[in-house]
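In the order they appear, the protein sequences are chains A and B.
Under the numbering used here, the first residue of the first sequence carries the number 1, and numbering increases by one thereafter.
Under the numbering used here, the first residue of the second sequence carries the number 1001, and numbering increases by one thereafter.
No lab work stands behind these hints: they were computed from the structure.
All C-beta atoms in this analysis are idealised placements derived from N, C-alpha and C, irrespective of residue type, glycine included.
Treat each hint with caution, since some may be false.
[To be verified] Partial list, computed: chain B residues near chain A (C-beta under 8 Å):
id: 1; residue: Thr1042
id: 2; residue: Pro1044
id: 3; residue: Tyr1045
id: 4; residue: Leu1052
id: 5; residue: Thr1149
id: 6; residue: Phe1209
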Amino acid sequence: MAKLSVEVVTGERVVYQEDDVDMVVAPGADGALGILPRHAPLISLLSLGEMRVIKGGQEQSLAVFGGFIEVAQNRVRVLADTAERAEEIDLARAEEARRRAEARLSRQRADIDLVRAELALRRSLIRLRVGQRRRGRAPTPPPQDLGG
Amino acid sequence: MATPREIRRRIRSVRNMAQVTRAMEMVAASKMRRAQQHVLATRPYAERIRALIGDLAALTDLEERGRFPLLQARPIQRSEVILITSDRGLAGAFNTNVMRRAVQFMTHERPEPIADIETIAVGRKGRDFLQRYGKPLAASFTAIGDHPTLESVRPIVRVATDDFVSGKVDAVYVIYTRFINTLRQQPEVLQVLPIQPPEGAAEVTDYIFEPSPEAVLEALLPRFVEVQIYQAILESIASEHSARMVAMRNATDNARELVSELTLTYNKARQAQITREVTEIAAGAAALG
Chain A
1 MAKLSVEVVT
11 GERVVYQEDD
21 VDMVVAPGAD
31 GALGILPRHA
41 PLISLLSLGE
51 MRVIKGGQEQ
61 SLAVFGGFIE
71 VAQNRVRVLA
81 DTAERAEEID
91 LARAEEARRR
101 AEARLSRQRA
111 DIDLVRAELA
121 LRRSLIRLRV
131 GQRRRGRAPT
141 PPPQDLGG
Chain B
1001 MATPREIRRR
1011 IRSVRNMAQV
1021 TRAMEMVAAS
1031 KMRRAQQHVL
1041 ATRPYAERIR
1051 ALIGDLAALT
1061 DLEERGRFPL
1071 LQARPIQRSE
1081 VILITSDRGL
1091 AGAFNTNVMR
1101 RAVQFMTHER
1111 PEPIADIETI
1121 AVGRKGRDFL
1131 QRYGKPLAAS
1141 FTAIGDHPTL
1151 ESVRPIVRVA
1161 TDDFVSGKVD
1171 AVYVIYTRFI
1181 NTLRQQPEVL
1191 QVLPIQPPEG
1201 AAEVTDYIFE
1211 PSPEAVLEAL
1221 LPRFVEVQIY
1231 QAILESIASE
1241 HSARMVAMRN
1251 ATDNARELVS
1261 ELTLTYNKAR
1271 QAQITREVTE
1281 IAAGAAALG
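Produce the complete structure using the sequences and hints provided.
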């Protein structure tokens, strides 16, 4: 049976690369995208969220923040604005960022601050969720979309 | 002729200099290696974005392109030049070469008068040069560091994009130093705006686009500008370090050569002094005898 080869790159580095993948779930701009081998050619925008790569019962989780996904001929390429593998995420830092963003939101000042704080909060929540999943867990049931 | 003592002092100081330049060479070599890896790491992303833009541009016809501000080619009346140099000197002809290229470009290769060319300096050397040259700077960015993130170059991209989209300038060029190999770096001019979509037949034309081809293209274009400028900066950094490495190696070699010349002079001077002393003693003994 055909398998997928997956590549996640940002402008700065190659974040993740894996062959013989069974399934990819990515946070598309219009909702979660599930990609199996022999998927039709697709180019989609990505929102912020968790991307999961399932290979032989093992699962790798990544946090991706915007960008593009391209699927063609069993190749999945993610061109992310920012991306991190679960094991790279510093949970303490993400927790700190969450607390800061929440504090800022509760104070409610100028509108621009608010938008930025909301975005920061979303990012930190995604990092926390992804960071808590380390490599090698069994596939989890599809999560409710926190992408908003 | 200098006394042996003076020559010895000079030898010591030249030797110290050689030690310093040798250390700088080693530092530059290691920085160059890291900068090179950095450049290579950005290639997959840049190449993919370029290819996607090529594919998408092939799918949208020319009239439709007018809807994308970053693709809009209009008659060039005013242009903007982003000159990428280093913050520090002692890098051989590295900065001189790009600056010479920039002057050549602005005075001979652009039809518009030089007064209609806006300049943005990245790096202290380029900023100082343009100021001395009498070009008012639209913006300048210094202290970028040896390992800039994409985030840290965004302000540069923003200035250029805003100037282009607002119609203040009709084209934006980056003048940077391309890293070919350790011994060769080439100053280059790259047009970043308007974006010229690469030609080429799309590999797969029946893509599904979400939300739409236009939305994807619109999101891709600014990323492309960003990554092109980012790459130009990274290439310049790699070039800077390799130019410095070579310059420092030459300096070290020269200093060592000077040390051996001075050592010879020193020995001669010492010999002369001994001979003179012996002669004096012999003459003194003869006078007494």
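Evaluated hints:
A distance limit of 8 Å between C-beta atoms decides the matter here; for B:Thr1042 the minimum to chain A is near 6 Å, and the interface restraint holds. Restraint check, B:Pro1044 versus chain A: the minimum CB separation of about 5 Å is within 8 Å; hint holds. Interface restraint check for B:Tyr1045: the shortest CB-CB distance to chain A comes to about 5 Å, inside 8 Å, so the restraint holds. Because the smallest distance between the Cβ of B:Leu1052 and any Cβ of chain A comes to about 7 Å, under 8 Å, the interface hint for this residue holds.
Given the 8 Å rule on beta carbons, the hint for B:Thr1149 holds: about 6 Å separates it from the nearest Cβ of chain A. Residue-level restraint check for B:Phe1209 holds (minimum Cβ-Cβ distance to chain A is 5 Å; threshold 8 Å).
Of the numbered hints stated above, none is contradicted by the structure.
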